[in-house]
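Assemble the complex: chain L is given as a structure, and chain D must be docked to it using the hints.
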Amino acid sequence: MKVAVLKGGRSLERGVSLRSAARVEDALERLGHEAVAIDADGDLVRRLRDSSPDVAFVAMHGRGGEDGTAQELLEILGVPFTGPGVAACGRCMDKVAAKQVLRGAGVPTPDWFAFNETAFRELGAADALPTLGERLGFPLVVKPGRGGSALGVKFASSPAEVPAALVSAFSYDDRVLLERFVEGRELAVSVLGSEPLPIVEAIPADGDRYDFEARYEIGRTEFACPARLDDAAAEAVTTTALAAFEALGCSGFSRVDLILGAEGPQVLEVNAIPGLTDTSLLPQAAEAAGISFEELVERILELAPRPAAA
Amino acid sequence: MVEPPHRRRAHTRTRDLERYAGLFAERTGVMRSSAMRDLMAITARPEVISLAGGLPDTSTFPAGTFAAQMTRIAQESTAEALQYGPTEGFEETVDCILEVMGAEGMLPDPDDVIVTTGGQQAIDLVSKTLVDPGDVVICEAPTYPGAVPVFCSYQAEVVQIDCDEDGMRIEELEAVLAGLDAEGRRPKFVYTVPSFQNPAGVTLSLERRRRLVELARQRELLVVEDNPYGLLRFSGDPLPPLYQLDGGDFVIYIGTFSKILSPGIRLGWAVAPPPVMEKIVLGKQAADLCTSTLTQHFVREYFAEGRWREYIADLIGIYHGRRDVMVGALREHFPAEATWTEPEGGLFIWATLPEYIDTGDLLAKALREDVAFVPGQAAYADESRGRNSMRLNFSGVGEDEIREGIRRIGAAVGEQVELYQALTGEYAQGSSHPGMPGREAEDMPGIDATKPSAGPGRYLTSPGPAEGPADHGEGGDVLPFRKESA
Numbered sequence: 001m002k003v004a005v006l007k008g009g010r011s012l013e014r015g016v017s018l019r020s021a022a023r024v025e026d027a028l029e030r031l032g033h034e035a036v037a038i039d040a041d042g043d044l045v046r047r048l049r050d051s052s053p054d055v056a057f058v059a060m061h062g063r064g065g066e067d068g069t070a071q072e073l074l075e076i077l078g079v080p081f082t083g084p085g086v087a088a089c090g091r092c093m094d095k096v097a098a099k100q101v102l103r104g105a106g107v108p109t110p111d112w113f114a115f116n117e118t119a120f121r122e123l124g125a126a127d128a129l130p131t132l133g134e135r136l137g138f139p140l141v142v143k144p145g146r147g148g149s150a151l152g153v154k155f156a157s158s159p160a161e162v163p164a165a166l167v168s169a170f171s172y173d174d175r176v177l178l179e180r181f182v183e184g185r186e187l188a189v190s191v192l193g194s195e196p197l198p199i200v201e202a203i204p205a206d207g208d209r210y211d212f213e214a215r216y217e218i219g220r221t222e223f224a225c226p227a228r229l230d231d232a233a234a235e236a237v238t239t240t241a242l243a244a245f246e247a248l249g250c251s252g253f254s255r256v257d258l259i260l261g262a263e264g265p266q267v268l269e270v271n272a273i274p275g276l277t278d279t280s281l282l283p284q285a286a287e288a289a290g291i292s293f294e295e296l297v298e299r300i301l302e303l304a305p306r307p308a309a310a
Numbered sequence: 001m002v003e004p005p006h007r008r009r010a011h012t013r014t015r016d017l018e019r020y021a022g023l024f025a026e027r028t029g030v031m032r033s034s035a036m037r038d039l040m041a042i043t044a045r046p047e048v049i050s051l052a053g054g055l056p057d058t059s060t061f062p063a064g065t066f067a068a069q070m071t072r073i074a075q076e077s078t079a080e081a082l083q084y085g086p087t088e089g090f091e092e093t094v095d096c097i098l099e100v101m102g103a104e105g106m107l108p109d110p111d112d113v114i115v116t117t118g119g120q121q122a123i124d125l126v127s128k129t130l131v132d133p134g135d136v137v138i139c140e141a142p143t144y145p146g147a148v149p150v151f152c153s154y155q156a157e158v159v160q161i162d163c164d165e166d167g168m169r170i171e172e173l174e175a176v177l178a179g180l181d182a183e184g185r186r187p188k189f190v191y192t193v194p195s196f197q198n199p200a201g202v203t204l205s206l207e208r209r210r211r212l213v214e215l216a217r218q219r220e221l222l223v224v225e226d227n228p229y230g231l232l233r234f235s236g237d238p239l240p241p242l243y244q245l246d247g248g249d250f251v252i253y254i255g256t257f258s259k260i261l262s263p264g265i266r267l268g269w270a271v272a273p274p275p276v277m278e279k280i281v282l283g284k285q286a287a288d289l290c291t292s293t294l295t296q297h298f299v300r301e302y303f304a305e306g307r308w309r310e311y312i313a314d315l316i317g318i319y320h321g322r323r324d325v326m327v328g329a330l331r332e333h334f335p336a337e338a339t340w341t342e343p344e345g346g347l348f349i350w351a352t353l354p355e356y357i358d359t360g361d362l363l364a365k366a367l368r369e370d371v372a373f374v375p376g377q378a379a380y381a382d383e384s385r386g387r388n389s390m391r392l393n394f395s396g397v398g399e400d401e402i403r404e405g406i407r408r409i410g411a412a413v414g415e416q417v418e419l420y421q422a423l424t425g426e427y428a429q430g431s432s433h434p435g436m437p438g439r440e441a442e443d444m445p446g447i448d449a450t451k452p453s454a455g456p457g458r459y460l461t462s463p464g465p466a467e468g469p470a471d472h473g474e475g476g477d478v479l480p481f482r483k484e485s486a
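Residue numbers (our numbering), protein chains in the order written: chain L, 1 to 310; chain D, 1 to 486.
FYI, nobody ran anything at the bench for these hints, they're computed from the structure. Among these hints, one or two may not hold up.
What the hints assert, rightly or not - Computed far set for chain D versus chain L, every beta-carbon distance over 12 Å:
1) A41
2) R45
3) P62
4) A103
5) G146
6) D166
7) R210
8) P275
9) D358
10) D400
11) L419
Claimed, not checked - Coverage of chain L stretches by chain D, computed from C-beta distances (three or more under 8 Å per stretch; other residues unrestricted):
12) 7-14
13) 158-166
Cβ coordinates follow ideal geometry from the N, Cα and C atoms, glycine included.
Only chain L is shown next, with the shape it has when bound in the complex (with noise of 0.2 Å):
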């Protein structure tokens, strides 16, 4: 089969693109595949339609490839594309819109508030920040709206602290909410079709916050899978973390990022396109599932949706 790996583009994970893609690059080759690579940029349309391929590997994180955009591009072209749809992948990488579809059908999720920049520059929304910081508590998470990783991701530990957060938070995106910041267990399920693979355990390295950085080096942070958690636990996360990825419209394969709180599990956000490089988690858990780098590459690759007419 020819299948071409959409990899990089212009987002700021990159990077993690670029090493993600090429874990998938050589396991399609291990697997007999034609890997044609395609580095996202004004070339991506026409060097699909001249490579033809069979499938898209989608490999690209973040804005442009995580998003739906190219996803869309990949419906008009009429290529099939492994991972979620441009629906689901719009929506999960919107942490606002997630938020709320999340809410709707009765997923838990820790209490927000959103805002766009021309609130504060123009309605005067600063205003209403110390309501929101009695309504939601010290610390607060600031975060921008659209983005992944932990990239622009503040912590705010009192009211003064929140307007520079918010600057930051709105480097990234012209969107930012405000959430509650909830303790407990980092963890984070990664689905393949509509199976939930092992519970993976972020247990940050001693002092170190799990942060942008922490997460793609090997030893800044410590994952344990399956994270160790009583039955009843394990099945409260699960089916939390099934029941956002079906409520977002997500298929093929997600990885949800939940916390375990007093509360029981909230989901924090769904990564419609996570990272595939040696470190991730979604490679992690299938390990622990039995399930090899490229049998897993195999399996995103048979998700992929066919066209209805062959």
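Same frame as chain L, but now just chain D:
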């Protein structure tokens, strides 16, 4: 080109990672990839105007000269140029080094000199020779971003001394030394880039140079003087290197051909007193036996031609023009709240923004406009510092690009300043201006009106323990050295 035969390694599995991780030396735990590595990957895209590099301009080096010299090496010295050489380097290379050092008034004993694989290796060898885990190494704040990983890889405890427009604050150094004395600790060395410092662009004043050398003598303290840019002075009077003031007893000197000829040839050097040099030579032997003989031949040929000073003069002309353009653009496009240094030489300007701006996040915004710089945190061992500063390089790109690059960064900064003002108009007003009573501070319990408002704590999808962000520590990180306004 035919693809050479190769195999692809099987995928690393979790247990492989664990197996290797179990074998890693303890020091690898502190060997971190340089900060913001992934963001920096994007700066390499061709459409990005990168003010992030530290590159000298090699485009004006005459190709004809290069070709003629390499041809001469091939014709006259092929066997030697392709052979191993002495660990200390060729005598002829040392002669070139003496010429360069002589140009700044230094007169070292040739036996005290070792040729190294770039100045970077000299920093590594000096650290390897002197630093045990837990030893204190003192350097400037901010310091050369490439030195931090070296010190960390030898598990040094890095103590940084703030700079102002006259370089490292020696009074602060004395206070730190006294504090260490009280703990019964002695720093292994003080690392400094005294002239046109990377990244701050500042130069240690003559008075402070004298005082530092005096301190070194009194306390028998080693000073490592890293001087890649000393000859690249555009304005002001030359200052004597620490090595010259000290005579080479307590100052270990590090030099390089990278900024006056080529970084690609990887030729630097160290000058140290004989007992130290003996260990450095052994360390060099263990590291790589000898420095490239081929490029040492190139330097020899290049210096034999006798035009090296003219080439430096050309570079100075180019860099001077570019610095002026950058300073002009900063005045035009950076908001009134920003400050920056105005170096008299070298390659870098250090700009400092209001403390509520995190330059790591600003870089993400700037990259959307296809422009890049180095976030200030790279210049600190404690990554919570330097968060509102940035290093801007003016040697590696042309004047038009500098102008446009600064315009774009200035626009991004301006938007952040405006947003912050909108945010703080009625909220937490006092917090960003220590000393000013914040109205909200009285109304809302829990606001510490004197605390810096920038929250450096980073955290991901879910936080760790409910603690506040890391403390800013010393407070006034690098203070704006010189305020330039339009």
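request  = Enumerate the violated hints, using their earlier numbering and listing them in ascending order.
outcome  = Structure breaks hints 1, 2, 9, 11.
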